[in-house]
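Asker: Below are the chains, spelled out letter by letter.
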Amino acid sequence: MSALAPAAGRLVEQFERGLDAPICLTWELTYACNLACVHCLSSSGRRDPRELSTAECKAVIDELERMQVFYVNVGGGEPTVRRDFWELLDYAVAHRVGVKFSTNGSRITPVTARRIAATDYVDVQVSLDGATATVNDAVRGPGSYETALTALRHLADAGMRDVKLSVVFTRANAGQLDAFKTLADAYGAQLRLTRLRPSGRGADVWDELHPTAEQQRMLHGWLLEHGERVLTGDSFFHLAAYGEALPGLNLCGAGRVVCLIDPVGDVYACPFAIHDQFLAGNVRGAGGFRAVWRDSPLFAQLRGPQSGGACSACGHFDSCRGGCMAAKFFTGLPLDGPDPECALGHGETLLAARDLTVTPPKPSADHSRRRPRRRRPDRACDEDPIAAFLRDEAAAR
Amino acid sequence: MSTSACDLDRPYRLGPQVSVRPEPFGALVYDFDSRRLSFLKSRTLLDVVRGLETSESAREACRAAGVPAVEVPAYAAALDRLAATRLIVPREVAA
Chain A
9 MSALAPAAGR
19 LVEQFERGLD
29 APICLTWELT
39 YACNLACVHC
49 LSSSGRRDPR
59 ELSTAECKAV
69 IDELERMQVF
79 YVNVGGGEPT
89 VRRDFWELLD
99 YAVAHRVGVK
109 FSTNGSRITP
119 VTARRIAATD
129 YVDVQVSLDG
139 ATATVNDAVR
149 GPGSYETALT
159 ALRHLADAGM
169 RDVKLSVVFT
179 RANAGQLDAF
189 KTLADAYGAQ
199 LRLTRLRPSG
209 RGADVWDELH
219 PTAEQQRMLH
229 GWLLEHGERV
239 LTGDSFFHLA
249 AYGEALPGLN
259 LCGAGRVVCL
269 IDPVGDVYAC
279 PFAIHDQFLA
289 GNVRGAGGFR
299 AVWRDSPLFA
309 QLRGPQSGGA
319 CSACGHFDSC
329 RGGCMAAKFF
339 TGLPLDGPDP
349 ECALGHGETL
359 LAARDLTVTP
369 PKPSADHSRR
379 RPRRRRPDRA
389 CDEDPIAAFL
399 RDEAAAR
Chain B
931 MSTSACDLDR
941 PYRLGPQVSV
951 RPEPFGALVY
961 DFDSRRLSFL
971 KSRTLLDVVR
981 GLETSESARE
991 ACRAAGVPAV
1001 EVPAYAAALD
1011 RLAATRLIVP
1021 REVAA
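One line per chain: the protein sequences are A and B, in this order. Per this note's numbering, the first sequence starts with residue 9, numbered consecutively. Per this note's numbering, the second sequence starts with residue 931, numbered consecutively.
Hint data in this document are derived by calculation from the structure and do not stem from the laboratory. Be aware that one or more of the hints could be misleading.
Unchecked claim - Sample of chain A residues lacking proximity to chain B, with all beta carbon distances greater than 12 Å (derived): (1) Gly26; (2) Ala29; (3) Ala40; (4) Arg58; (5) Leu257.
Claimed, not checked - Facing chain B, according to a computed beta carbon distance under 10 Å, are these residues of chain A, among others: (6) Leu19; (7) Ile31; (8) Cys32; (9) Phe78; (10) Tyr79; (11) Gly106; (12) Lys108; (13) Asp128; (14) Tyr129; (15) Asp170; (16) Trp230; (17) Arg298; (18) Arg302.
Said to hold, decoys possible - For the chain B half of the interface with chain A, some residues (derived, Cβ under 10 Å), not all of them: (19) Val950; (20) Arg951; (21) Glu953; (22) Pro954; (23) Leu958; (24) Tyr960; (25) Phe962; (26) Asp963; (27) Phe969; (28) Arg980; (29) Thr984.
C-beta: ideal position from N, C-alpha, C; glycine also.
Chain A on its own, in the form it takes in the complex (with noise of 0.2 Å):
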């Protein structure tokens, strides 16, 4: 009997089964952003004016500790140009529920990167998507590198440890793993690989910047190389198919042991699912958020029997589990078939055999900045700066 082990056959199925709590929780304080990445999965950029209030958030913590959320994956948006956001970390950390906040690095200056460093609790991750500014900037915007640089440099310089330097692995930066790698170890961070999914603006850029099959397959075998020293989140379970499994529980976890809270409190099943077909409900009703994990149908639906559709028939299913939700339903691909990056390239196949005639979902959810936009003069007069005063007047009247 192993009565203390990694997760492993039935304990996977329990898991499959739902938890009382979820292990991990990803909490979006904010959709406000002072960048506009092209593969946003949460559509960030204008702050939602329903956005859960200070109290509110701070309730939501009460709950997690009741729950023993042991810790909180914060994201956004940018989470930290919320004005309370190191009063809720101190809050959290205070109530013993531990957050990994994810940072465009902005915000990291000397002062509060001691002040992270100074917190039990609090892990930080940077996002960078090249190794280079070239590569990284084409994604994050022009400038993001050396802002998340700075902030790495800040972070090192406080004596902060281990700071993850998380990385999207696109078909853009797939030639740059040991670098990364470098960087990381340059700052003393930890490197973390998690998978380009096409939800929210990553539905728009996916075509052209998810890796090819032959750069997944060498990811796999890097990773493998790497073990545990490199973090990917579970992001990339649907590679077990190649033979051996990465470190992790390797299963979708949406709804059974992740789910995500976004900024105005909506409950979806996992970080990359912001739409409604994938919503629970909400931590403002009744019950709030606990009453939504344990008695949402949805979530209930997700901890019963999957069917593994097209895929039963093939006998890796038991290792790749049919992939990520996710990707297959903002692909238009059935949830009860292949990932549409499986690794066996029956996913290609189908993409290839798609109708192209309909359009994929949408995200419920979208916060994107409208291009800026010089406004022009409905007419030359307009300009007279009581010209929409008096058209409002008109209006009126």
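For chain A, the structure is supplied; the task is to place chain B on it using the hints.
Answerer: This is chain B only, laid out in the frame that chain A set:
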């Protein structure tokens, strides 16, 4: 080398930064220091771990949790792994 990390005849307690959350299958164990998540794969093991603080020895905690004598070696192995990763640590007893 067969040195074991857990001596059944000594008292133990949870590591100072370790949190245990009961689940239907047993429990999740999180170490805030190493940021590692582990699993207790039975409710009985959870009872053993919870009883460590108030038991004179790890062996006594097993007995109190109702572990049959024949299964003690399996539980000893589990406690050994918990001690090796410092999820449980030896407890000093007041003289």
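Asker: Each of the hints needs a verdict: does it hold here or not?
Answerer: Hint by hint, here is what the structure shows:
no., hint, result
1, Gly26, "9 Å, violated"
2, Ala29, "7 Å, violated"
3, Ala40, "28 Å, holds"
4, Arg58, "32 Å, holds"
5, Leu257, "9 Å, violated"
6, Leu19, "6 Å, holds"
7, Ile31, "7 Å, holds"
8, Cys32, "9 Å, holds"
9, Phe78, "4 Å, holds"
10, Tyr79, "8 Å, holds"
11, Gly106, "6 Å, holds"
12, Lys108, "9 Å, holds"
13, Asp128, "7 Å, holds"
14, Tyr129, "6 Å, holds"
15, Asp170, "8 Å, holds"
16, Trp230, "23 Å, violated"
17, Arg298, "14 Å, violated"
18, Arg302, "13 Å, violated"
19, Val950, "8 Å, holds"
20, Arg951, "4 Å, holds"
21, Glu953, "5 Å, holds"
22, Pro954, "7 Å, holds"
23, Leu958, "7 Å, holds"
24, Tyr960, "4 Å, holds"
25, Phe962, "6 Å, holds"
26, Asp963, "9 Å, holds"
27, Phe969, "6 Å, holds"
28, Arg980, "14 Å, violated"
29, Thr984, "20 Å, violated"
The structure shown violates the earlier hints numbered 1, 2, 5, 16, 17, 18, 28 and 29.
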